[in-house]
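Those sequence lines, one after another, are chains D and R.
Taking the numbering used here, the leading residue of the first sequence gets 1, the next gets one more, and so forth.
Taking the numbering used here, the leading residue of the second sequence gets 1, the next gets one more, and so forth.
Quick caveat, the hints were computed from the structure, so don't treat them as lab data.
Any given hint could turn out to be false.
What the hints assert, rightly or not - Stretches of chain R that chain D covers, calculated by requiring three or more beta carbons in the stretch to come under 8 Å of a beta carbon on chain D:
| no. | stretch |
| --- | --- |
| 1 | 84-96 |
| 2 | 111-122 |
| 3 | 251-257 |
Said to hold, decoys possible - Below, in silico cross-link-like pairs of lysine to any residue (SDA-like), each with a Cα-Cα straight-line distance of 20 Å or less:
| no. | chain 1 | residue 1 | chain 2 | residue 2 |
| --- | --- | --- | --- | --- |
| 4 | D | K280 | R | D157 |
| 5 | D | K356 | R | I276 |
| 6 | D | K276 | R | I116 |
| 7 | D | K137 | R | D157 |
Yeah, the Cβ is synthetic: ideal placement off N, Cα and C, and Gly gets one too.
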Amino acid sequence: MPDLLIELFSEEIPARMQTRAAEDLRKLVTEGLVEAGLTYASAAAFSTPRRLTLTVEGLLAQSPTTVEERKGPRADAPEKAIEGFLRGAGLTRAELEERDTPKGRVLFARITKTGRPASQIVAEVLERVIRNFPWPKSMRWGEGALRWVRPLQSILCLLSDEAGAEVVPLTMEGISAGDTTAGHRFMAPDRFTVTGFDDYAAKLKRAFVVLEAAERADMIWHDATNQAFATGLEVVEDKGLLAEVAGLVEWPVVLMGRIGDDFLDLPPEVLQTSMKEHQKFFSVRNPKTGRIERFITVANRETADNGATILAGNEKVLAARLADAKFFWDNDLRMISAVGLEGMAKSLTQVTFHNKLGTQAERIARIEALAREIAPIVGAKPDLAAEAARIAKADLTSEMVYEFPELQGLMGRYYAEAAGHDDGVPQACEEHYAPLGPSDDVPTAPVSVAVALADKIDTLTGFWAIDEKPTGSKDPFALRRAALGVIRIVFNSSARLTLFSLFLEPVRRNLYEQAKHYKFAVLIKDENNKAIWVSPWTEQSDGKRDEITGEAPRVIWPYTELSTKFDRGEYAYAAGAFFNQKDGKEVETLPPSSKIVSDLLAFFHDRLKTYLRDQGIRHEVIDACIAMPGNDDLTLLVKRARALSDVLATEDGENLIQGFKRANNILRQAQEADGVEYSYGADVKFAETDAERALFAALDAAEAEIQPAMKAEDFTTAMAAMATLRAPIDAFFEAVQVNADNPTIRRNRLNLLSRITQICLSVADLTKIDG
Amino acid sequence: MPDDVQAPKSFQEIILRLQTYWAGKGCAVLQPYDMEVGAGTFHPATTLRSLGTQPWAAAYVQPSRRPTDGRYGENPNRLQHYYQYQVLIKPSPPDLQELYLGSLEAIGVDMALHDIRFVEDDWESPTLGAWGLGWEVWCDGMEVSQFTYFQQVGGHDCHPVSGELTYGLERLAMYILGVDHVMDMPFNDPQTPIALSYGDIFKQTEEEYARWNFDTADTSVLLRHFDEAEAHCREILDAPHRDPKTGKRIVMVHPAYDQCIKASHLFNLLDARGVISVTERQAYIGRVRTLAKHCADAFVQTRAGGWQPESAA
Numbered sequence: 001m002p003d004l005l006i007e008l009f010s011e012e013i014p015a016r017m018q019t020r021a022a023e024d025l026r027k028l029v030t031e032g033l034v035e036a037g038l039t040y041a042s043a044a045a046f047s048t049p050r051r052l053t054l055t056v057e058g059l060l061a062q063s064p065t066t067v068e069e070r071k072g073p074r075a076d077a078p079e080k081a082i083e084g085f086l087r088g089a090g091l092t093r094a095e096l097e098e099r100d101t102p103k104g105r106v107l108f109a110r111i112t113k114t115g116r117p118a119s120q121i122v123a124e125v126l127e128r129v130i131r132n133f134p135w136p137k138s139m140r141w142g143e144g145a146l147r148w149v150r151p152l153q154s155i156l157c158l159l160s161d162e163a164g165a166e167v168v169p170l171t172m173e174g175i176s177a178g179d180t181t182a183g184h185r186f187m188a189p190d191r192f193t194v195t196g197f198d199d200y201a202a203k204l205k206r207a208f209v210v211l212e213a214a215e216r217a218d219m220i221w222h223d224a225t226n227q228a229f230a231t232g233l234e235v236v237e238d239k240g241l242l243a244e245v246a247g248l249v250e251w252p253v254v255l256m257g258r259i260g261d262d263f264l265d266l267p268p269e270v271l272q273t274s275m276k277e278h279q280k281f282f283s284v285r286n287p288k289t290g291r292i293e294r295f296i297t298v299a300n301r302e303t304a305d306n307g308a309t310i311l312a313g314n315e316k317v318l319a320a321r322l323a324d325a326k327f328f329w330d331n332d333l334r335m336i337s338a339v340g341l342e343g344m345a346k347s348l349t350q351v352t353f354h355n356k357l358g359t360q361a362e363r364i365a366r367i368e369a370l371a372r373e374i375a376p377i378v379g380a381k382p383d384l385a386a387e388a389a390r391i392a393k394a395d396l397t398s399e400m401v402y403e404f405p406e407l408q409g410l411m412g413r414y415y416a417e418a419a420g421h422d423d424g425v426p427q428a429c430e431e432h433y434a435p436l437g438p439s440d441d442v443p444t445a446p447v448s449v450a451v452a453l454a455d456k457i458d459t460l461t462g463f464w465a466i467d468e469k470p471t472g473s474k475d476p477f478a479l480r481r482a483a484l485g486v487i488r489i490v491f492n493s494s495a496r497l498t499l500f501s502l503f504l505e506p507v508r509r510n511l512y513e514q515a516k517h518y519k520f521a522v523l524i525k526d527e528n529n530k531a532i533w534v535s536p537w538t539e540q541s542d543g544k545r546d547e548i549t550g551e552a553p554r555v556i557w558p559y560t561e562l563s564t565k566f567d568r569g570e571y572a573y574a575a576g577a578f579f580n581q582k583d584g585k586e587v588e589t590l591p592p593s594s595k596i597v598s599d600l601l602a603f604f605h606d607r608l609k610t611y612l613r614d615q616g617i618r619h620e621v622i623d624a625c626i627a628m629p630g631n632d633d634l635t636l637l638v639k640r641a642r643a644l645s646d647v648l649a650t651e652d653g654e655n656l657i658q659g660f661k662r663a664n665n666i667l668r669q670a671q672e673a674d675g676v677e678y679s680y681g682a683d684v685k686f687a688e689t690d691a692e693r694a695l696f697a698a699l700d701a702a703e704a705e706i707q708p709a710m711k712a713e714d715f716t717t718a719m720a721a722m723a724t725l726r727a728p729i730d731a732f733f734e735a736v737q738v739n740a741d742n743p744t745i746r747r748n749r750l751n752l753l754s755r756i757t758q759i760c761l762s763v764a765d766l767t768k769i770d771g
Numbered sequence: 001m002p003d004d005v006q007a008p009k010s011f012q013e014i015i016l017r018l019q020t021y022w023a024g025k026g027c028a029v030l031q032p033y034d035m036e037v038g039a040g041t042f043h044p045a046t047t048l049r050s051l052g053t054q055p056w057a058a059a060y061v062q063p064s065r066r067p068t069d070g071r072y073g074e075n076p077n078r079l080q081h082y083y084q085y086q087v088l089i090k091p092s093p094p095d096l097q098e099l100y101l102g103s104l105e106a107i108g109v110d111m112a113l114h115d116i117r118f119v120e121d122d123w124e125s126p127t128l129g130a131w132g133l134g135w136e137v138w139c140d141g142m143e144v145s146q147f148t149y150f151q152q153v154g155g156h157d158c159h160p161v162s163g164e165l166t167y168g169l170e171r172l173a174m175y176i177l178g179v180d181h182v183m184d185m186p187f188n189d190p191q192t193p194i195a196l197s198y199g200d201i202f203k204q205t206e207e208e209y210a211r212w213n214f215d216t217a218d219t220s221v222l223l224r225h226f227d228e229a230e231a232h233c234r235e236i237l238d239a240p241h242r243d244p245k246t247g248k249r250i251v252m253v254h255p256a257y258d259q260c261i262k263a264s265h266l267f268n269l270l271d272a273r274g275v276i277s278v279t280e281r282q283a284y285i286g287r288v289r290t291l292a293k294h295c296a297d298a299f300v301q302t303r304a305g306g307w308q309p310e311s312a313a
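So here's chain D without its partners, still in its complex pose (with noise of 0.2 Å):
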């Protein structure tokens, strides 16, 4: 059985898309050949800069023939029929055979489908993936319609066995498939010819190409460890980094350099950022100090020199490179150190963060505010968040995360502790934006929790005031990821939040900002639901309250003084609608800001639901719990889904929810038949079975021991009780006739389910549980 060897060698292909084009062609070809009826006994896939390569062992030589027959139709069938099935089957009619079957004699082909040699089909299989390759991105180059990650320079395909090889005769765009390959570009660039894979790879190693990316990979992290041991250092590890380096060189040669004394002070981190990001070096540590002292660089070649060369140029490009970083690094501390993080914060008043919702200077002010309100709750000093919140996002105006976005957050703690300030001030102005990912770990700090909480509180109402949501995939906002910070951060502190007065003043704040963008007024309702507008589109502040009279709006306060004005929380409520400034039109109608705030918190309660099914909660039980009081509380609500969930899990909590349902149906249509509501009334002295005294008697204990619970928050407790009512639930609709012929004890039998179902009820909505 010949073996197949496929080489795609082309000019110098992304690291980051190598690995996966390997496994595209295995995959591709292998199921090509497999639908054609090449089956293989194995196949193994490499990648270089310069070559995908294919190896496919135990190839069947041709396809296998088949044959196939084909019931037609019957022989005196009119003769448009018959000819139809003729060229169906590529036949002519002396081919057919007559059978004789229950419904008369029918016409039969058999089509012979003749088995096709390997390299037809090779050939055809490979012509297809080459031009249907799913490339990341492609291109074409000179004249060619061809596209290709890079210009395809020549093409190995070649069938192989005991009697010898073969070339697959395959042509594309001109070129045409042979069977030579070069070695390292420059280190071995003629072209030489192979006889199969074993072949193929020995001959490379030769020819200075390591064909094996995860070979490269050990080659550089074994010499780069070995290296940096010898001095005593150790490399900082980078999965990422490693395999993007094994992907950039054919014949992997590590080099060990030095860093300039001028820059060994700068933080690690910018070191290492600049290292990697410019120079895709690895960062050498001294395990003592934590300092960064060296670096790794890895080269394509062996010199005469011994990479002397190579090593200066390196050292040289990285002395340029740092020599920036520390420019930017003495400016933004001597900036810091005239005008203070306050001041290299001013410039964000010129710095857009969206067209609606202000500048980043406003929204400062907005998560300032908001911070504040939190600390306490957080049990953080409210001067101290209010602090941070201020110089938190000062950084992003610094020279040093101009230049590396990457950092922002981390220079905002270096600045910040440069410009001393203290008490976990610094570390909230790094950790504000965390989380990031979901693995991600969230900050504890209170100071850190009160504006991270704030910045993201701030994002999400302030796009939700202007409706631009996350929809199915899109999420240009990373709206979801701020929830999910929200939610992690509160179950990760012992604080509690109720997000619905949490989120109302921010989303008025939002609605401010959004109206000053489109110059309109707000409108705004004092106590006595009188309609009052503030137009915020210019901050003169000597207006006077003005009824609306439908002219143009008149009163124009800034935001600050109008939350003064309209005590908040007791009655000003913005929104309702935005008017336009020259004639009073109405020009869009928003929802008002309490409609604003109950579709946000559903938006938590589906991040929530997500996150608490990865922890084994039901969503059905989420929702009953959800449709409780105090749904905006997270903690509770999460408490109480846990205890819920708990309790459904044992036998009792599942029958009972048989028994509430069965309970709630009889209740429902006897109401819904005598248009009464039986909610009051039920009395033991009308109970006829033992059976229903027992259940009085244990709806008693059962009340007694939930109320105090639940007012305790103690779910649990609240949740055993009510399983205890399973047993006598049982008993009583075992043991009695609801619909009973006596009108009084019939009405009396309901009044008791419906203190069943009350009970049940009080402790979390159990209709929304699927039994």
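Based on the hints, put chain R in the right spot on chain D.
Frame of chain D; chain R shown alone:
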């Protein structure tokens, strides 16, 4: 270093060698475009000539201006005025990488001692509505050139595809000459009686322009000129193709494109003056791109852009 290649002695020698090399490879050696541009790509010999079906091979030095990069001549590597060497060949030849490596050898890079790498870098010019795929070329970790296969220019797909090479001349020359500060680099042969360094020629102008770019350029004038250039570009393109005086069909692409280049440079100046906000930035870039697209549309309506009289409607 191969025996037959002597080390170059000066900045200008490196330029001369590149000129000679690419002339020898069949390129028309052009002169710089006589307008302020941000990069060699803006030269009509690249932007416009990469459009349409006509073959093209050109090489030239292009003085380029990036007002925001000015450092008063103090930064060893950054300049607001610098030189790019640009090569454009259409269709891209199959051995373009080898041709390029040959040019490095010609200017004194010994392939046996240095580490040359092609590192992924997709090129995009939002102002020109252009993009391509290619690499930045690294020599011992330093980016010395940009290598791009143009896929689209001015919103038009490139058929055939042009190969573009851009050398950052100062950086490359500093590396080859072993100079650490650009101002110390010998411009002509240091052994000549009147030896001139890069600083002798450009230190003062870097200071002057840095001050003007950052602090004194009159932004209201710049803003007005931007609007005027934009309007003028459109007017030129809107003129009927038939010239009433000569009766000839004359599509005035290049004069219109000059206005597009002007607008682009004015935008760069305004940017350096810090008067363009983040949100406005996108809008300005979009306005220049629209002009570039109109020019590209017009160019393919000319003979140089592949238009044939009989194919005209």
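Which of the numbered hints are not met once you compare them with the structure shown? Checked against the structure, the hints that fail are numbers 3 and 4, while the rest are satisfied.
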